[in-house]
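*Asks:* Residue numbers (this note's numbering), protein chains in the order written: chain A, 1 to 176; chain B, 1 to 331.
Each hint should be verified, as a subset may be incorrect.
Computed list of lysine-lysine pairs in DSBU-like fashion (alpha-carbon distance at most 35 Å, straight line) [stated by the list, open to error]:
#1 A:8 to B:35
#2 B:35 to A:36
#3 B:309 to A:8
#4 B:77 to B:63
#5 B:77 to B:67
#6 B:63 to B:146
#7 B:14 to B:67
#8 B:35 to B:14
#9 B:146 to B:77
Some chain A residues near chain B, calculated using beta-carbon distances under 7 Å [stated by the list, open to error]:
#10 13
#11 26
#12 27
#13 92
Please keep in mind that the hints were generated in silico from the structure rather than gathered at the bench.
As the structure is a computational prediction, the values presented were derived from the model and not from experiment.
Glycine is no exception: its CB is placed at the ideal position from the N, C-alpha and C atoms.
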Amino acid sequence: MSIWRDIKGTLEPFWITLRNMLRPVVTVEYPEVRTKLPPRYRGRLILTCDPDGLERCVACHLCSAACPVDCISMQAAEAQDGRRYAAWFRINFSRCIFCGLCTEACPTLAIQVTGDFEMANRNPLETVWEKEQLLVDHCGREPEYNFYRQAGIGVAAARGENPGEDKPVDVKDLLP
Amino acid sequence: MPEWLIIGLLIVAKLGLIFMVLLTLAAYLVLAERKILGRMQLRPGPNRVGPFGLMQPLADVIKLLTKEDFIPARADKWLFILAPGLAAVTALLTFAVVPFGPPLTLFGHQVPLVVCDLNIGVLFFLGLSSLAVYGMTLGGWASNSKYSLMGAIRGLSQLISYELSMGLALVPVVMLARSFSLTDIVMAQADVPFALVNPLAFLIFLISAVAESKRIPFDLPEAENELVGGFHTEYSGMRFGLFFVGEYINLIILGSMLTVFFLGGWMGPFLPGVVWFSIKVLFVCFFFIWVRGTMPRLRYDQLMHFGWKILLPLSLLNVLLTGALLLWRQG
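Looking at chain A on its own, in the form it has when it is part of the complex (with noise of 0.2 Å):
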């Protein structure tokens, strides 16, 4: 009968509440018990070294136009032996979603996702990193890749001084 379905079903409910009501807990108190993070963990992003100890980044503005919330800025250089780096490099951490498709659009394995996601902060502005925070001196999650010497441009050997490489062609003789 339909009444004592409707009857059942009023008071069952509430054995199910006392029962679950005398369980342990399964909330973990963050502060005083973390958990163990997954080791790909897509936290804080960081700028790392070749293993060489020289900077990764050639500022090729991939990660930028990689951002979807377009919160990293840079200002491309480049030093007397032709290896590119950025004058200064700045990362949005109060825009950041922390989505790591700038460290799938990087080239040169530079820019980086760490654990670490305890950056929580009063002001605003202090969200805003700088080159100067955001270089470490180690390699990151990727200890053997070295940019330049795959690629050998200008660095790692002169120009057209690589195996199997041509002299570079001065493009203004091109000219019709």
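Given the coordinates of chain A, work out where chain B should sit on it, guided by the hints.
*Replies:* Chain B only, in chain A's frame:
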């Protein structure tokens, strides 16, 4: 010391004590509710302020007092200010007739453990609980906001329909105790509490009390996910705090009324009367919280349907049956 001074001091002490206990209890009931609801949902509830979160009520009060006091444009200012006070005061006043223990002898005086043993205590309680509707309705009306108005209208119609079955559920109690005084009603339950004598009236009163307290499953005047906050949408700071405290004092009041009318008041073996009374009231409060953790909200038409087509006829029938039985037993 002259006689009148002792009596006066005793009354003032009693009033102060009740006031303090009631307000503190209401504040900690909020904490208890959040804790118990949390545990029912497998989370710990507030536990950051003080040991086990025991200072949470204090933190809440500080927060409420320091919030911006906001009055909406074109609100009816005086009614807007008056309404939360009305809600809290009517709730507090009701406790005046609640007997919370057997008479005590102090300094050679018999001190009844009730502020005022009215011989029409039942009517006083019903009258004040009807008056409490005004706090909510005026607050909702004066806010000049559609959500508040909707909440107030819902609350008004809900309370009118449940007040009726609540009053009718009390008629058998009065017939059994042969008195309108709450103290006499408790005295009449010395052997068996009325909840066992007349379980139907107990059930009807219980359901009406939950409806009267405007809590889930009858929290349509507030209905967070339909009406933002219902009648107190536009209230902020301590005005909202007064509504909130009033609601929890109301919860204690309804718990003590349920205790007095049906669970035998302070009557009980071994322990002193006041302790029995507190245990019973706290248990009823726990039950209210338990209901909140268990039930979904009723739809508006279901609520009205249940009130007018089921509870009201049942309570009328119960009055007739109880009367007939009492007549038959008299011979």
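*Asks:* Each hint: holds or not?
*Replies:* Evaluated hints:
Straight-line distance between C-alpha atoms of residue 8 (chain A) and residue 35 (chain B) comes to about 27 Å, which keeps the hinted pair within the 35 Å bound. Taken as a hint, the residue 35 (chain B) and residue 36 (chain A) pair is honoured in the structure, with Cα atoms around 28 Å apart against an allowance of 35 Å. About 21 Å separates the Cα atoms of residue 309 (chain B) and residue 8 (chain A), which keeps this hinted pair within 35 Å; it holds. With a C-alpha separation of about 23 Å, the suggested pairing of residue 77 (chain B) with residue 63 (chain B) holds against the 35 Å cut-off.
Of the supplied pair hints, the one linking residue 77 (chain B) and residue 67 (chain B) holds, its CA atoms being roughly 19 Å apart against a limit of 35 Å. At roughly 27 Å between alpha-carbon atoms, residue 63 (chain B) and residue 146 (chain B) fall within 35 Å of each other, so this suggested pair holds. Restraint check for residue 14 (chain B) and residue 67 (chain B): satisfied, since their Cα atoms lie roughly 33 Å apart, inside the 35 Å limit. Distance restraint check for residue 35 (chain B) and residue 14 (chain B): the Cα-Cα separation of roughly 31 Å lies within the 35 Å cut-off, and the hinted pair is therefore satisfied.
For the given pair, residue 146 (chain B) sits about 17 Å from residue 77 (chain B) by alpha-carbon distance, which is consistent with the 35 Å threshold. Evaluation of the residue 13 (chain A) hint against chain B yields a held restraint, the C-beta minimum of about 5 Å falling below 7 Å. For residue 26 (chain A), the interface hint holds, since its Cβ comes within 7 Å of a Cβ in chain B; the closest pair sits about 5 Å apart. A cut of 7 Å between beta carbons decides the hint on residue 27 (chain A): the least distance to chain B is about 5 Å, and the hint holds.
A distance limit of 7 Å between C-beta atoms decides the matter here; for residue 92 (chain A) the minimum to chain B is near 30 Å, and the interface restraint is violated.
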